[in-house]
Structure formats: structure tokens, C-alpha cells
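Protein chains in written order, with my numbering: chain V, 167 to 372; chain R, -16 to 198.
Quick caveat, the hints were computed from the structure, so don't treat them as lab data.
There's no promise every hint is true.
[To be verified] The calculated DSS-like cross-link candidates involving lysine-lysine, where the alpha carbons are at most 30 Å apart (straight line), are:
{"id": "1", "chain 1": "V", "residue 1": "K272", "chain 2": "V", "residue 2": "K341"}
{"id": "2", "chain 1": "V", "residue 1": "K365", "chain 2": "R", "residue 2": "K104"}
{"id": "3", "chain 1": "V", "residue 1": "K288", "chain 2": "V", "residue 2": "K219"}
{"id": "4", "chain 1": "V", "residue 1": "K272", "chain 2": "R", "residue 2": "K104"}
{"id": "5", "chain 1": "V", "residue 1": "K299", "chain 2": "R", "residue 2": "K97"}
{"id": "6", "chain 1": "R", "residue 1": "K104", "chain 2": "V", "residue 2": "K288"}
[Claimed, not checked] Sample of chain V residues with no beta-carbon within 12 Å of chain R, all distances over it, derived:
{"id": "7", "residue": "D185"}
{"id": "8", "residue": "G200"}
{"id": "9", "residue": "E223"}
{"id": "10", "residue": "I226"}
{"id": "11", "residue": "D227"}
{"id": "12", "residue": "Q229"}
{"id": "13", "residue": "E268"}
{"id": "14", "residue": "E357"}
Given the structure is predicted, the values throughout are model-derived calculations rather than measurements.
Backbone N, C-alpha and C define an ideal beta-carbon position, used for all residues, glycine too.
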Amino acid sequence: MLEVKNLYKEFNNRPILKDISFTLKDGEIMTIVGPSGAGKTTLLRIIAGLETKDSGEILIDSQAYDSGKVGVVFQDYNLFPNLNVLQNITLAPTMVLKESKEEANKKAYELLNRLQMNGREKQYPYELSGGQKQRVAIARALAMKPRILCYDEPTSALDPNLRKEVEKMILGLKKSGLTQLIITHDLQFAENVADQMLKVQPLSEG
Amino acid sequence: MSLKYIGEILPALFNGATMTLSIFFWTIILATPLGILVSLGEMSKIKPIKWLVNFYVWIMRGTPLLLQLIFVFYGLPIIHIVFPRYQAALLAFVLNYAAYFAEIFRGGFQSIDKGQFEAAKVLRLNRWQTMTQIVIPQVIKIVLPSIGNEVINLVKDSSLVYVIGLGDLLRAGNVAMARDVTLIPLVLVGVIYLLLISICAFVLKKLEKYFSYYR
Ligand SMILES: Nc1ncnc2c1ncn2[C@@H]1O[C@H](COP(=O)(O)OP(=O)(O)OP(=O)(O)O)[C@@H](O)[C@H]1O
Ligand SMILES: [Mg+2]
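Just chain R, with the same shape it has in the complex (with noise of 0.2 Å):
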């Protein structure tokens, strides 16, 4: 295997890592307020409300994001709505990934036990008080693994894109496999995932850790 091939398609690989990149990080800047506001929604005592968003939770869990993908990229023009394909992913991704985060934060928030809401109240904290200072700190102990688990999940779906013809990291792989006839660039695109979920977990764990400091 040689080095100098490997120079020359680094560059168009990591070219594909951006996009990558790119889809995962707006997903999850974009999904876990999303998915906070869902999950308040699934808790609502509104019973509208709580269908309207059990049946939104209920399609996106349960079906595949390769569906959801296809459906708002080629499937909703044909009714005369057109995304570009960049925001077609986004889409996907966004509402997919709240989903997956609101079941996470539901749980968090019916973890917490109820005489610190009580504890709270007779201190004459507000809702919203008791939210930002007491609760979501300590849902957000709660929820670090799970979300840490989705959050390595989507770095890897975001190879999905591919399907709608987005320039990812593994479009970039695959050009080059099929016109250099060779295998190196799969492996390389291996190596590069590998890489970027190492970090991933290296950034969760001490997350986790920081959280560590009370119990």
C-alpha cells in the first residue's frame, strides 16, 4: 500500500469527514433542545398535546431513518415540497434524533424523585427555578449514557446521506474505491469512523466524569 496514494486521497476523504461532521454536529445542536421540548410534550398534562407528540415519537421510532430520509428528500416533491439536499438530511436527522433524545429525557425527569419538586416548592423556588437549578442538572446525570450511546449511533447513520447523494465521508471512500480499484480508501474511511467515535467516547467519559462529584 502505497504512502503517496494515501496522500492523494486523504484530502477528498476528509473533505467527506466534514460533511460528516457537519450533519452530526447541527443534529445534536439542533435535536436535544428538540428533544427536551418533546419530552416535556410527552409529560404534558394537555392531552393533545401528549398524542400529537406519542404519535411523532411513535413514526420516528418506529421506522427507519433510510425511509425518513428517502420520504423528505424524493418523496415530499412529488406534493411540490423541495428541500435541498443538505437541509433534506438535516431534517431527517433532527426529527429522527428528537425523538430518540425526548424517550431518554422522559425517563431523566420521571427519575427524579418527587420530594426534591417538593423540597422546592416549600422553599418557594418557581417552575422555573426549580427546573434550571435542581432538575436538569440532575437529569442531565442521568441521560449522559444513554444520550452518549445515540450520539455514537448518529455518527455512524450519518452515512445514510449518502443515499440522497450528499458528499459524506463514505461517498468520498467509495468514488475513489471504484475509480482507483483498490480497497484502501474503505479501509481508510474505516480508520477515519473508528477515529472519529474514539473521540466521541474519550469526550463522553469525561463528561460522565465531570459529573461524578456528587451522586
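So that you can see chain V by itself, here it is in the shape it has in the complex (with noise of 0.2 Å):
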């Protein structure tokens, strides 16, 4: 369970995010929708150990936490350039997690045969479509088995197509128990797959 209370965030004396509190449940699913400038990507930064916060808490479980208990897909995936597909998602749980490499390669294996990536091992990112990457980009995640995997706006690259594709992963991963935080500008798309939406507004100044 994430717990969010009283969050405060400004950038050089000026509050970008004001009283944002809110419960998100194991296995549930929260979008995050607002205008451009709101301070979305602020807040998952947050959550992510990214940026730091002026005051309020987060919890997960009740209890304070260490990043890496939170996953996150970006918005532009940063895959690493340099490494193949099963190098990027067996890069941390070979060297952070200590896994073997077998060990590392299966569950790899594993994911992308779930993410309909399978026979895409040995590519680099750039022989990837976005909607390939963005799927290296989750399993990625989903080797360091996150608690939560929070996703910044992962419909906006892909065509109307690719994002009900998306759609459907993303209840996929729901129905194993993921819970997952999805910042997105598409009202339909967070309708479809939200148990709860937070709306946040751009603050005026002071």
C-alpha cells in the first residue's frame, strides 16, 4: 500500500504540488491526469526517489522506503543504448539483486514472452519501435520486482492501436498483482483502466 499525505513540492519559492494526499491499494491501479505544467512528472519523481520533496510523507506499507521499491517505465523509456534487450532487463538483477545469470536470463525470458517481446533478445533499442521499447522498458522494471511501476504519460508516443494494446497490458499486469501509478493526458484511456483517478491542478503563484 502507498500512502501520499499533505505532499509539498516547490522549485526555487515556487509550490508546484500543494496537499496532495492519497491511498493507493495493493493491485490497484491510479492515473494521474491534470493540464500540462500541473506537476505530474514532479509527483512520480517524487515517488520515485528522483526528486526530493519539501515536506509531507510517503509511505509504502506504513513505512518509509528506500527507491527501488518503486519501479518506473519513463517517458521516453531511456533504455540503455549500449546493451541488447536481455542486457537491459538482466543488468540490475545480475548486479544489484546478485541473481545468476541463468537466473537473470529466465525470468528475462520469462517477461518478455508475457510482453509478446519474445524473439527480440539480442536487439538494440534502436532497431525498436517506441511500443518494443516501452515494453523492454516494463520488464525492465518488473526484474527488479518493484512494489509499485509507475509509468509517466505511456500512451502519448503510440497510435490508437498500440494504445489499446497498452490498455491491455496494463490490466495484464493488474491481474498478477501489480499495482501500478499511470501519469496520462488520454481522460479515456485512464477511465478504462483506473480504480481511482487524482486530478491535479497547476497552483498559481504564491
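Once you've looked at the hints, go ahead and assemble the two chains, each given alone in its own frame, into the complex.
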């Protein structure tokens, strides 16, 4: 369970997020919507430990946590271009979780299978389409067994057909028990996947 | 032009070429890691380190290598710091080339997208793992063409050791020319330099090709 309580964040004395509070239960999906510049990405980055907060509390299972419990699918994926698909996925599990190569490879193949990406293990990111890169980014994040997976606008770079696919994939991951937090501008998509929706508004000056 | 004469002077020229190659390889081997360290210093958040390193790079790039060579070998003994010829040459070359390499590496490091660091962070890779597995491999690919240019310059610059009396390829040619009053040794020296530089260019091409497995 993820709890955010009275989160406050400013950049250069300009408040960006104020009084943000919500609870996301295990296995549920929350979407974050709101106009451009409202602070959605900032909120996600704070939860993922990439940005500091100014005040408030963020807890997982009622405890403070270090980053790593939260997986991130970045808007432009940030795959490692010098590593192939399999290496992108297995790098952290082998180096950080100290999994054996065989173990990590086996799990990576399973993940790729589940995301309908089998057969692409040896390809490099530049050889993949946007939608395929996104699946690799999801597999890479899932291989670290995060409690929560966050996405920053997962449908923004995809055509309508692929959007449906992402929707199916996200609901499939939900079935497997994954807790997900999704920033999106696509209200239809948000309605279709969300258990709850958080609306973030831009704050006026002062 | 007699083949017999060429055969006679070639051993001396090859001997000189060994000195040239020795300066060349040792400079690359020592200046590359030093250049990476210096580039990290240039990007350091600790101000005094940054200033010191920037000052060093400014001096090295802002004054002629020839002056630096003369300074180390003929100048420093005046204040009782004495290096043998070869060590003096190597010191000047390594310090000079490390500064040029550092500027190139700094550009390489700074061109890595900060998203790469963030992706590594949420995957809980530590700094060392991030550098060795993700950043440095990408930096090498980026800097390879510029480092290649410097390496080719180095082959030619190595002839500057002539001024402190080291027996390199150029000196060997010059000695033979003065003794035998013929142009042939200098032409051969030119041919050997061309050969060395062509080999360098070939190896660099191969390296760049190796790194083209990703974009
Ligand atoms: N590192 C930063 N330093 C200063 N200001 C920042 C920084 N990051 C974001 N901001 C500002 O915070 C505000 C919120 O940015 P954020 O990226 O969170 O918006 P967003 O809701 O994700 O917008 P979009 O829908 O366009 O992606 C913006 O006004 C932005 O300029
Ligand atoms: Mg955003």
C-alpha cells in the first residue's frame, strides 16, 4: 500500500505541488491526470526517489522506503543503448540483486514472453519501435520486482491501436497483482484502467 | 637512388622509429587514464579541484608542446629538478596529451543523457556500476573519432623530442642526410611516418566499426 500525505514541493520558491494526499491499495491502478505543467511528472519523480520533497510523507506499507521499491517506465524509456534487450533487463538483477546469469536470463525470457516480445532478446534499442521499447522498459522495471510500477504518459507516443494494446497489457499486469501509477493526458484511457483518478491542478503564484 | 644505400640506412631509421613508437605508446597508455581523471576533476563539484584542474588544462593547451618539452628538460634543472632525456620527454607528452584528452572526455561525459543516470538510479545500480556498465562504454564510442585525431597528431608531435636530443626517427634521418649529403633519408623518414599514420588510421577505423553495433 502506497500512502502519500500532505505532500508539498516547490521549485525556486514557486509551489508546484500542495496538499497532495492519496492512498493506493495493493494491486490497484491509479491514474494521475491534469493539464501540462501541473506537476504530474514531479510527483512521480518524488515517489520514485529521483526528486526531493519539501514536506509531507510518502510511505509504502506504512514505512519510509528507499527508491528501488518503485519501478519507473520513463516517458522516453531511457533504455541503455549500448546493451541489447536481454542485457537491459538482466543488468540490474545480476549486479544489484546478485541473481545468477541463468536465473536472470530465465526470468527475462518469461517477462518478454508475457509482453509478447519473444525473439527480440538480442536486438539493440535502436532497432525497436516506440511500443517495443516501452515493453522492454516495462520488463526491465519488473525484473527488479518493484512494489509499484509508475508510468509517465505511456500512451503519448503510440498510435490508437497500440494504445489499446497498452491498456490490455496494463490490465494484464494488474491481474498478476501489480500496483500501478499512471500519468496520462488520455482521459478515455484513464477511465478504462483506473481504480481511482488523481487530478492535479497547476498552482497559481504564491 | 640505390637500393644498397637504402638497405644500409634502414636499420638506423628503424632504430629511431622504435623511440618514436615508444613515446607514442607510453603517452597513450598513461595519458588516457590521466585524461579521464582530469575530465572528472573538471566536472567536480569541489571548487578547488575544479579550479586547479582547469588551470592545468589552460596552461597545457595554451602553450606550445615544444616550450613544455624545453621547460622540463632544459628549464627545470636550473631549479635542480633533473629528468633524464627520455623521462623528460614522456612527462611533457603525457601531461600535454592528458589535457587534450580530458577536454574530449569531458565533452563525452556531458553528452550522456541524464535519463541514463536516472534509469540506473531507479534500478539501484551504484555509481561504479553505472559508470562502468553504462556511461563509459557510451563515452568511448562518442569520443573515439576525436581521440583518433589526437592520436594521429601524436605520431607527428613525437618528432619534437628531437630538440632535447632523443634519437627518434626524425633525428636518425637528419643524421644520415648530413653525413651522406643526400635527400634519401628524409624521404624515407617521410614514408615511415606515412606508414605509421596509415596504420593508426586503419586501427581507428576498425575500432569505430566495432562500436557501430549500437547507435
Ligand atoms: N528541476 C526543475 N527545476 C525547476 N522547475 C521545474 C523543474 N522540474 C519541473 N519544474 C517545473 O514544475 C512544473 C511542473 O512540471 P512537471 O514536469 O511536473 O509537469 P507535468 O504535469 O508533468 O506536465 P506535462 O503534462 O507537460 O508533462 C513546471 O512548471 C516545470 O517548469
Ligand atoms: Mg510530465
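Do the hints match the structure? See the list:
1. Note on K272(V) and K341(V): the hinted pairing holds, with a Cα-Cα distance of about 22 Å set against a maximum of 30 Å.
2. About 28 Å separates the Cα atoms of K365(V) and K104(R), which keeps this hinted pair within 30 Å; it holds.
3. Restraint check for K288(V) and K219(V): the C-alpha separation of about 39 Å exceeds 30 Å, so the hint is violated.
4. For the hint pairing K272(V) with K104(R), the CA-to-CA distance comes to about 24 Å; that is within 30 Å, so the pair holds.
5. For the proposed pair K299(V) and K97(R), the alpha carbon gap of about 18 Å is at most 30 Å, so the pair holds.
6. Distance restraint check for K104(R) and K288(V): the Cα-Cα separation of roughly 24 Å lies within the 30 Å cut-off, and the hinted pair is therefore satisfied.
7. With a least beta-carbon separation of about 26 Å from chain R, D185(V) lies farther than 12 Å from that chain, consistent with its non-interface assignment.
8. The Cβ of G200(V) sits about 22 Å from the closest Cβ of chain R, beyond the 12 Å cut-off, so the non-interface label holds.
9. Non-interface call for E223(V) relative to chain R: holds, since the shortest CB-CB distance, roughly 20 Å, exceeds 12 Å.
10. A cut-off of 12 Å between C-beta atoms confirms that I226(V) is not in contact with chain R; the least separation is 15 Å.
11. The non-interface label for D227(V) is consistent with chain R: the shortest C-beta to C-beta separation is roughly 19 Å, beyond 12 Å.
12. Every CB of chain R is more than 12 Å from the CB of Q229(V) (nearest about 17 Å), matching its label as outside the interface.
13. Non-interface call for E268(V) relative to chain R: holds, since the shortest CB-CB distance, roughly 19 Å, exceeds 12 Å.
14. The claim that E357(V) is not at the interface with chain R holds, since no C-beta of that chain comes within 12 Å of its own (minimum 28 Å).
Violation of the numbered hints given earlier is confined to hint 3; every other hint is satisfied by the structure.
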